[in-house]
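For the protein sequence lines, the chains are A and B, in the order given. By numbering that gives the first Met the number 0, the letter at position 64 of the first sequence is numbered 63, and the numbering carries on one by one without gaps. By numbering that gives the first Met the number 0, the letter at position 49 of the second sequence is numbered 48, and the numbering carries on one by one without gaps.
Honestly, I wouldn't trust all of these hints.
Which copy? The list can't say, so a pair holds if one copy fits it or any two copies do.
Said to hold, decoys possible - In silico BS3-like pairs for lysine-lysine, Cα to Cα no more than 30 Å straight-line:
| no. | residue 1 | residue 2 |
| --- | --- | --- |
| 1 | K72 | K141 |
| 2 | K123 | K141 |
| 3 | K137 | K9 |
| 4 | K137 | K72 |
| 5 | K141 | K126 |
| 6 | K72 | K123 |
| 7 | K141 | K130 |
What the hints contain is simulated information worked out from the structure, not anything from laboratory work.
Each chain, letter by letter, is given below.
Protein chains: 2
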Amino acid sequence: MDFPTPSPDKKELEEGGLFTPHFGQNGLLTAVVTDARDGMLLMVAHMNAAALSLTLETGIAHYWSRSRGRLWKKGEVSGNFQRVVEIRTDCDQDALWLRVEVAGHDATCHTGRRSCFYRTVEVKGGKAHLKVDGSVPKFDTKATYGRSG
Amino acid sequence: MDFPTPSPDKKELEEGGLFTPHFGQNGLLTAVVTDARDGMLLMVAHMNAAALSLTLETGIAHYWSRSRGRLWKKGEVSGNFQRVVEIRTDCDQDALWLRVEVAGHDATCHTGRRSCFYRTVEVKGGKAHLKVDGSVPKFDTKATYGRSG
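Turn these sequences into a full structure, and let the hints guide you.
Take a look at the structure:
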């Protein structure tokens, strides 16, 4: 699937029906992924044109893994695939919102937890620290990935 | 507020209580902003250390505006401030999730709509196009910003 070049016309970009995703200088756009069931934020990832194209064509979320420098079918090792229920884009078309159903262990984070956002930021005495929200791994990450993490 | 340098120890980064936000090469991290009321995704923005510090100190969301190249107190013109209910970070601490209450017109998008994500991506005949979800401006953007957009 090819994506047209974004229009220089702001009105066309913001109000038009043409999907012209704006990939940044690194060829990536940001994808926000929430659970279609209850809206829980599961992860923030990145897509290049190939990942977005595969996602639209197959209905299964694909990303660009920046750490591994390769196309990444989410769940390819763990079985925790994401079936796309809906995709939205924002006003300037440089971010996507995927509402998904998670297969397998109902887990998205590589730590085994349901969501990557398992820690709240708390401020106390002028300093910020983190507090785990109580969520624990839903599968054996060592057995699945071959090593911790 | 100063933020310590991220630890090279993955376990400390992912399981520890130390908040060490990882700002990218451009000095920014991604902030996902949802409505604390119902989980609606309102916007995706960016923060540098100063914006994050101000947000934590005041409880009102501040960002770094990439288009304007300056610190941005969201709502400074429109009155649509965001009161932070909760902040979370993800496993590798390079993204934040802000759950907020929106003041003013209950609108976040500069087009006047409640959310920036007012269009769904639809695939038909192998091509993707956009469909507005029916949401309309909640305030007069021309009168507020001095010009359209």
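Quick rundown of the hints versus the structure:
1. K72 - K141: Intra 20 Å, inter 43 Å, cutoff 30 Å: intra-copy only.
2. K123 - K141: Neither way: K123 and K141 sit 35 Å apart in one copy and 41 Å across, limit 30 Å.
3. K137 - K9: Cα proximity of K137 and K9: across copies only (19 Å, versus 45 Å in one copy).
4. K137 - K72: Answer is within; shortest intra-copy Cα gap is 20 Å, inter-copy 39 Å.
5. K141 - K126: neither (34 Å within a copy, 41 Å between copies)
6. K72 - K123: The answer is between: 23 Å across copies meets 30 Å, while 40 Å in one copy does not.
7. K141 - K130: Answer is within; shortest intra-copy Cα gap is 24 Å, inter-copy 43 Å.
In this structure, the earlier hints numbered 2, 5 are contradicted, and the remaining ones agree with it.
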